[in-house]
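Note that the protein sequences, when read in sequence, are chains L and C. Numbers given in my numbering equal positions in the first sequence, counted from 1, plus 10. Numbers given in my numbering equal positions in the second sequence, counted from 1, plus 38.
Quick caveat, the hints were computed from the structure, so don't treat them as lab data. Just so it is clear, the structure is predicted and the values come from calculations on it, not from any experiment. Think of the CB as a built atom: it goes at the ideal place given N, C-alpha and C, for glycine as much as any other residue. Please note that a few of the clues may not be correct.
Over 10 Å on every C-beta distance to chain C, these chain L residues come out as not near it, computed from the model [to be verified]: (1) Q28; (2) Y43; (3) E94.
Derived coverage of chain C by chain L (criterion: at least 3 residues anywhere in the stretch with Cβ under 8 Å from a Cβ of chain L; other residues may be distant) [what the hints assert, rightly or not]: (4) 55-64; (5) 67-81; (6) 96-104.
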Amino acid sequence: EAGVTQSPTHLIKTRGQQATLRCSPISGHTSVYWYQQALGLGLQFLLWYDEGEERNRGNFPPRFSGRQFPNYSSELNVNALELEDSALYLCASSQSTDTQYFGPGTRLTVL
Amino acid sequence: GENVEQHPSTLSVQEGDSAVIKCTYSDSASNYFPWYKQELGKRPQLIIDIRSNVGEKKDQRIAVTLNKTAKHFSLHITETQPEDSAVYFCAAHGGSYIPTFGRGTSLIVHP
C-alpha cells in the first residue's frame with residue numbers, strides 16, 4: 011500500500027511570491043490535514059479537509075488556504091510569502107478522525 | 039481549546055537504560071492519544087497509541103500509560119538502543135477532531 015506522498019520535496023521562493031504544495035493521501039482515506047513544522051515549534055495545525063470540504067483551520071492568516079479534489083488529493087497555497095513561512099509543511103491522511111499517517115513533507119524556504 | 043505540554047524537551051540516556059516522556063492535556067473530552075517518532079529529515083511515524091478507555095498499552099519495548107483523572111499520559115521505552123534516537127511527539131485528539139501536538143522530546147541514546 012502506497013503511503014502519503016507530497017510534492018515538491020523542496021521549494022525555494024522569495025518574499026511576496028506564492029507557493030503551492032501538493033499531497034496525495036493513502037488510498038481510501040478521505041481526510042487530509044496540513045501542518046507547519048517550524049524549527050523548535052512542533053507541529054502546528056493549519057487546515058483539515060474531508061470529503062472535499064474544509065472542516066477546520068488553525069490559527070493562521072487567510073493567506074494560507076487550500077482545497078481538496080474529488081480524488082481526495084489536496085493542495086496548500088500560501089500567498090504573499092513572508093520569511094517566517096520558511097518551514098517543513100507536512101500533510102497527513104486519515105480514514106477517520108483519529109490515526110493520521112504523515113507524508114515526507116515539503117521544505118519551503120523563503121528568501 | 040486543547041493544550042498539550044510535553045516534558046522533557048531533551049532526554050539523554052545510555053544504551054540499555056529506560057526513557058520516559060510525559061505529556062499533560064487540558065481537554066477532558068480528548069479520547070485518543072498517539073505517539074510519533076520523527077527521525078532527522080524524515081516524516082513523523084506512529085509508534086503507539088492509546089484510547090481513553092484503556093489505561094496501558096504495550097508493544098515490545100514501548101509502552102504508553104494514560105491517567106484520565108490527572109489528564110496525563112506517558113511513553114516508556116525500555117532497553118534503549120541508538121536507533122531509538124529521534125524526536126518523539128505526543129498528541130491529544132479532542133472533541134474538535136483536531137489533534138494538538140506536544141512540542142517534542144529529543145531523545146539521544148549514547149552507545
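Hint check:
1. Q28: 25 Å, holds
2. Y43: With a cut-off of 10 Å, L/Y43 comes too close to chain C, as the shortest Cβ separation is near 8 Å.
3. E94: For L/E94, whose nearest Cβ neighbour in chain C is about 18 Å away, the distance exceeds 10 Å, so it holds.
4. 55-64: Since 0 is below three, the answer is violated.
5. 67-81: Result for this restraint: holds, n = 5.
6. 96-104: Three-residue rule not met by the region 96-104 of chain C, so violated; n is 0.
In terms of the numbered hints stated before, the structure departs from hints 2, 4, 6, listed from lowest to highest.
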